[in-house]
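Next come the chains, spelled out residue by residue.
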Amino acid sequence: MSSKADILKKIKQNQPAFSADLPDLNLLSSENPDVLATYKTVLKNIGGDPVEVTSYAEILDYIKKNYALEKRIITTIPELSEIASLDWTSDDPHLLADVELNIIKAHFGVAENSALWVTDDVLGQRVSPFIAQYLAIIVHKKDILASMHQAYERIGNQQYGFGTFIAGPSKTADIEQSLVLGAHGARGLIVFMLD
Amino acid sequence: MVKKQKKEMSSEKVIPHSEAATRFNKDTERVNWHDETLWFVREKRDKSAHQIPDWELLRETASQIKNNVLSNIHDYLIEFEANAQKNGIIVHWAADAKEHNQIVHSIMAKHEVKQMVKSKSMLTEECHLNDYLAEKGIEVIDSDLGEYIVQLRKEPPSHIVLPAIHLKKEDVSETFHEHLGTEKGNIDPQYLTESARLSLRNTFLTRKVALTGVNFAIAETGEIVVCTNEGNADMGAHLADVHIACMGFEKLIPERKHLGVFLRLLARSATGQPITTFSSHFKKPRAGKEIHIVIVDNGRSTQLGREDFRNSLKCIRCGACMNTCPVYRRSGGHSYHNAVAGPIGSILAPNLDMSKNADLPFASTLCGSCTNVCPVKIDIHDQLYKWRQVLVKEGHTPTAKTIAMNTMAKVLANPTIFNIAGKSGRFVMKNMPGLVNNKMNKWYDQREMPEVPEESFREWYKKNSREAKAKDNE
Ligand code: SF4
Chain A
1 MSSKADILKK
11 IKQNQPAFSA
21 DLPDLNLLSS
31 ENPDVLATYK
41 TVLKNIGGDP
51 VEVTSYAEIL
61 DYIKKNYALE
71 KRIITTIPEL
81 SEIASLDWTS
91 DDPHLLADVE
101 LNIIKAHFGV
111 AENSALWVTD
121 DVLGQRVSPF
131 IAQYLAIIVH
141 KKDILASMHQ
151 AYERIGNQQY
161 GFGTFIAGPS
171 KTADIEQSLV
181 LGAHGARGLI
191 VFMLD
Chain B
1 MVKKQKKEMS
11 SEKVIPHSEA
21 ATRFNKDTER
31 VNWHDETLWF
41 VREKRDKSAH
51 QIPDWELLRE
61 TASQIKNNVL
71 SNIHDYLIEF
81 EANAQKNGII
91 VHWAADAKEH
101 NQIVHSIMAK
111 HEVKQMVKSK
121 SMLTEECHLN
131 DYLAEKGIEV
141 IDSDLGEYIV
151 QLRKEPPSHI
161 VLPAIHLKKE
171 DVSETFHEHL
181 GTEKGNIDPQ
191 YLTESARLSL
201 RNTFLTRKVA
211 LTGVNFAIAE
221 TGEIVVCTNE
231 GNADMGAHLA
241 DVHIACMGFE
251 KLIPERKHLG
261 VFLRLLARSA
271 TGQPITTFSS
281 HFKKPRAGKE
291 IHIVIVDNGR
301 STQLGREDFR
311 NSLKCIRCGA
321 CMNTCPVYRR
331 SGGHSYHNAV
341 AGPIGSILAP
351 NLDMSKNADL
361 PFASTLCGSC
371 TNVCPVKIDI
381 HDQLYKWRQV
391 LVKEGHTPTA
401 KTIAMNTMAK
411 VLANPTIFNI
421 AGKSGRFVMK
431 NMPGLVNNKM
441 NKWYDQREMP
451 EVPEESFREW
461 YKKNSREAKA
471 KDNE
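Protein chains in written order, with the working numbering: chain A, 1 to 195; chain B, 1 to 474.
To be clear, the hints were calculated from the coordinates, so they are not data collected in a lab.
Keep in mind that the hints are not guaranteed to be accurate.
As the list claims (entries may be wrong) - In silico EDC-like links for lysine to aspartate or glutamate, alpha-carbon gap of 20 angstroms or less:
1) B:86 to A:24
2) B:136 to B:125
3) B:377 to A:92
What the hints assert, rightly or not - Take a look, some chain A residues computed to stay more than 12 angstroms from chain B by CB distance:
4) 17
5) 52
6) 58
7) 64
8) 67
9) 69
10) 76
11) 81
12) 82
Bear in mind that the values here come from a model prediction, so they are computed numbers and not experimental data.
Just so you know, even glycine gets a beta-carbon here, dropped at the ideal spot from N, CA and C.
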């Protein structure tokens, strides 16, 4: 007998006969009267920087002022082509090793933990938010939800090959519980909250 | 059910928990530091949990989902495999550690690759994959910073979430000086982390095979979810040609929407963060690349059949029960001689090898703090008590009582004893006096419990968390 059949047989024998029903997730409250304020507070607490903007022009300004433009900046957002390249999405992902800043757009954000949902559709390459030294993510204010329950309602049966929630910059506290930002992924995360 | 286990008796010699704990306690200052560090993590968990108004309902919901999984694993596994295959993922099944290791090696061999980068996977620790691959001439580099540190030191992780929690920055500095050529005596965590980042970046960029663990596997969609703070699982997986993900079959959850429940609980319970930095959902491989999932039994189906212990399979490996355990905090993860240490490890280990791990269910005061914090409501301390009975009945611990007493006496016979009681015991005494007074708790039999002070738990908690904060800011 193959291991699969063997394992499944043993599980069938040993699993409890009594089946507990799945609970009703609607009982869990997801209300939050001020998702934007919560979002910003939580993001700051975990080492990210919220920046409220009203247009792409403001985002361009901010980046020009705060980042070294001579270094490599990539994006998947055509509106930012003035400062960032768009033609890297079918390259070998290893060629992104020298990226200083990557600017992408999230499908939505979650106030309770400041996480942003991104999938293949907006990533350009799966490794792009991890390999860049710094990361900036744009999210529309109207797309900030209260909790993870609403997040999965919104995701529903969305099709993707890969998707991830990103909450703050990459971090570690593995050396004596001292928090260090920039473990392997981005050292900093800016979230542009767009009107 | 229990009889079957006899043949699994191991000849491997291990140092019993009580003895290892005694050794760990020789350096009082260090033990106190270890104790306090983990207690801070526990306090962060409390603060985080208290911010969620329906935290208890959330725990109950998670527990019910996992109960449903336990009764339906057979069907969920079949559903998961079919959906994963539809997504282009290759699924393997391993009955035990050996088969798991062989499968991983066969994938490496097929691709003629001799190097692997790995992110955290307690399952591969349980299976001793690194040793197995090393014998086959394959180099494995652990990329989680904590695991990287202990790997360089040729030690196992001492905690499932915080692998290097037993080490001080001086230790890390020395290890990095020796292996990475960092400045001697530089103990700045920022500097040390940066050095590891540079070295591991090169590893990520040059490895063709990446192995990761799995936090959740979704039957409905055939996708897996991997959670990290560092981004190391993603750096490995998205740069490699082949991604191997290894999971115990209990990682299954029925539907995608259930992730909402578990992702809210996991990081808050583990470190007090609202969520891990990255919660990555792998559904399909990149074009031309491969994802393999290895589904492992290794004793889990046996545990599923033990009515008293099957609930241990609900565990989501958050580590909260370790951080809160007075014995774990004062004996260190290595004293448990098992891949998973602490209270939950002490329930899982005897299932794998009763003889070798007979001491572990006795490494507890049965104070119940673990049960109180567990996000999926496993009755941890009850199971520890039940294991003691099974082990005695099976003749594995002729000196059961002495083991219990000795361990606790050695680990806790220390001026900080009242401190510990103040930290977890007081809560227990106030809220579950029956537990402390009843006969199951050998340690309490022998000693009088310190008197419960007038201060209420709430007052105490407030004050304590303020003190902790003051300390944090120092
Ligand atoms: S037993 Fe509960 S508290 Fe302990 S690691 Fe597992 S889920 Fe966390």
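Which numbered hints are broken by the structure, listed smallest first?
1, 3 and 4
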